[in-house]
Amino acid sequence: MRLRLLPLASLPLLLFCGSLLMKEAEALRVLVTGAGGRTGKIVLRKLAERADVEAVGQVRNKKSARQLEKWLGKEVKDSVRVVEGDILKLESLNETMKGCDAVVLCTSAVPKPKVLSLLSVILFNSVVKALGYKPWQLKFLWKGNGFPKEVDYDGAVNQINAAKKAGVKKFVFLGSMGGSQPDNFLNSVAKDPQTGERGDILLWKRKAERYLIESGIPYTIIHPGGLEDKPGREREVLIGVNDILLKRKYKGIPREDVAEMCVTSLFCDAARNKAFDICTNPEGEGEATKDFCSLIGSLREAYSYAGSAEPK
19 MRLRLLPLAS
29 LPLLLFCGSL
39 LMKEAEALRV
49 LVTGAGGRTG
59 KIVLRKLAER
69 ADVEAVGQVR
79 NKKSARQLEK
89 WLGKEVKDSV
99 RVVEGDILKL
109 ESLNETMKGC
119 DAVVLCTSAV
129 PKPKVLSLLS
139 VILFNSVVKA
149 LGYKPWQLKF
159 LWKGNGFPKE
169 VDYDGAVNQI
179 NAAKKAGVKK
189 FVFLGSMGGS
199 QPDNFLNSVA
209 KDPQTGERGD
219 ILLWKRKAER
229 YLIESGIPYT
239 IIHPGGLEDK
249 PGREREVLIG
259 VNDILLKRKY
269 KGIPREDVAE
279 MCVTSLFCDA
289 ARNKAFDICT
299 NPEGEGEATK
309 DFCSLIGSLR
319 EAYSYAGSAE
329 PK
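The numbering of the sequence shown is the working numbering, which starts it at 19 and goes up by one.
Bear in mind the hints are in silico, worked out from the structure with no lab data behind them.
Backbone N, C-alpha and C define an ideal beta-carbon position, used for all residues, glycine too.
Hints may be right or wrong, so weigh each one.
Stated by the list, open to error - Within a straight-line C-alpha distance of at most 35 angstroms, the following computed DSBU-like cross-link-like pairs (lysine-lysine) qualify:
(1) Lys187 - Lys248
(2) Lys248 - Lys267
(3) Lys187 - Lys81
(4) Lys116 - Lys167
(5) Lys267 - Lys292
(6) Lys107 - Lys64
(7) Lys80 - Lys248
As the list claims (entries may be wrong) - Simulated restraints on C-beta separations:
(8) Asp287 - Ser206: 33 to 41 angstroms
(9) Lys92 - Gly304: 35 to 43 angstroms
(10) Asn179 - Lys80: 22 to 30 angstroms
(11) Arg68 - Glu252: 18 to 26 angstroms
(12) Ala45 - Glu305: 32 to 40 angstroms
(13) Lys267 - Asp70: 34 to 42 angstroms
Whole structure, please, built from the sequences with the hints as guidance.
Printed below as a string of structure tokens:
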């Protein structure tokens with residue numbers, strides 16, 4: 019049998035095709051849970067824009083999947099895979115995480131104000147205050163009856179267990195500042211109507227974070243301040259530990275910047291096995307942060323989970 023040599027002119031084409039195959043083979047498969055949420059979908063979009071990532075987004079149902087795909091737009095939608103799944107069903111997670119290299123957890127219980135409570139605050143509080151009486155306080159429910167114990171602890175533990183079984187190499191956990199403060203306002207939001215117990219959302223998140231640390235999976239735990247629907251990469255991002263940043267007057271941060279930190283943490287060696295808090299300076303103060311990995315690397319103090327309060 020005679021070997022037939024290809025013309026030299028075809029070499030660039032072969033190299034190009036080979037590089038595409040190499041990229042596809044080396045692509046990091048990343049699962050974003052809670053991808054239908056306001057921050058999770060931004061994380062998914064940023065991952066989809068990278069050539070070295072195979073992005074997978076998990077949502078709760080078909081309606082959420084349609085909404086996410088519409089938000090992503092056709093160009094981005096075609097480069098991601100959206101799957102339905104329930105974080106409270108370990109079998110479902112085990113199946114979804116097969117073949118995944120990394121996970122970004124963006125799931126969270128979501129409080130929403132009761133309609134009558136919101137109307138009372140809007141309509142009557144100015145009058146009540148003028149008369150010298152105590153103003154109305156907002157009362158909350160948990161969206162979809164997803165209470166923090168089930169979503170932020172049980173659901174998170176399921177994700178960690180499924181990730182460990184699948185051999186996931188990196189787990190990014192998106193939490194919230196305030197976990198070291200049992201008396202933080204967010205812990206008192208929306209009592210469980212069946213038990214009368216308060217939500218303790220930050221304490222349940224913190225307990226799940228400790229479970230992740232003890233699991234042995236390489237992790238990054240990110241605690242953002244108040245989330246804002248504003249453009250990212252326009253402000254100076256600040257980093258700290260142990261809720262020290264909560265002492266600042268301004269504690270907000272754009273969701274875009276939080277999503278950027280989640281994505282950066284997947285590829286930044288300095289983020290390995292780190293937990294930290296982030297917020298930004300107000301617009302116009304300081305210089306906009308461009309290198310998020312260097313910011314993580316500048317952190318010298320370790321986050322402490324010692325003496326963590328237990329949910330009630």
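Do the hints match the structure? See the list:
1. The suggested pairing of Lys187 with Lys248 holds, with an alpha-carbon distance near 32 angstroms, which does not exceed 35 angstroms.
2. For the given pair, Lys248 sits about 19 angstroms from Lys267 by alpha-carbon distance, which is consistent with the 35 angstroms threshold.
3. A threshold of 35 angstroms between alpha carbons decides the hint, and for Lys187 with Lys81 the separation of about 31 angstroms falls inside it, so the pair holds.
4. Using a Cα cut-off of 35 angstroms, the hinted pair Lys116 and Lys167 holds, with the two alpha carbons roughly 26 angstroms apart.
5. For the hint linking Lys267 to Lys292, the alpha-carbon distance of about 25 angstroms falls within 35 angstroms, and the restraint holds.
6. With a CA separation close to 27 angstroms, the supplied pair Lys107 and Lys64 stays within the 35 angstroms bound.
7. With a C-alpha separation of about 28 angstroms, the suggested pair Lys80 and Lys248 falls inside the 35 angstroms cut-off, and the hint holds.
8. One distance hint, 33 to 41 angstroms for the beta-carbon pair Asp287 and Ser206, holds here, with the actual separation near 39 angstroms.
9. A beta carbon spacing of about 37 angstroms between Lys92 and Gly304 agrees with the range 35 to 43 angstroms that was offered as a hint.
10. At about 26 angstroms, the beta-carbon gap between Asn179 and Lys80 stays in the expected band of 22 to 30 angstroms.
11. Separation of Arg68 from Glu252 is about 21 angstroms and conforms to the stated range, judged on CB atoms against 18 to 26 angstroms.
12. Distance hint check: the CB atoms of Ala45 and Glu305 are about 34 angstroms apart, consistent with the given range 32 to 40 angstroms.
13. Range check, Lys267 to Asp70: about 40 angstroms between beta-carbon atoms, so the 34 to 42 angstroms window is met.
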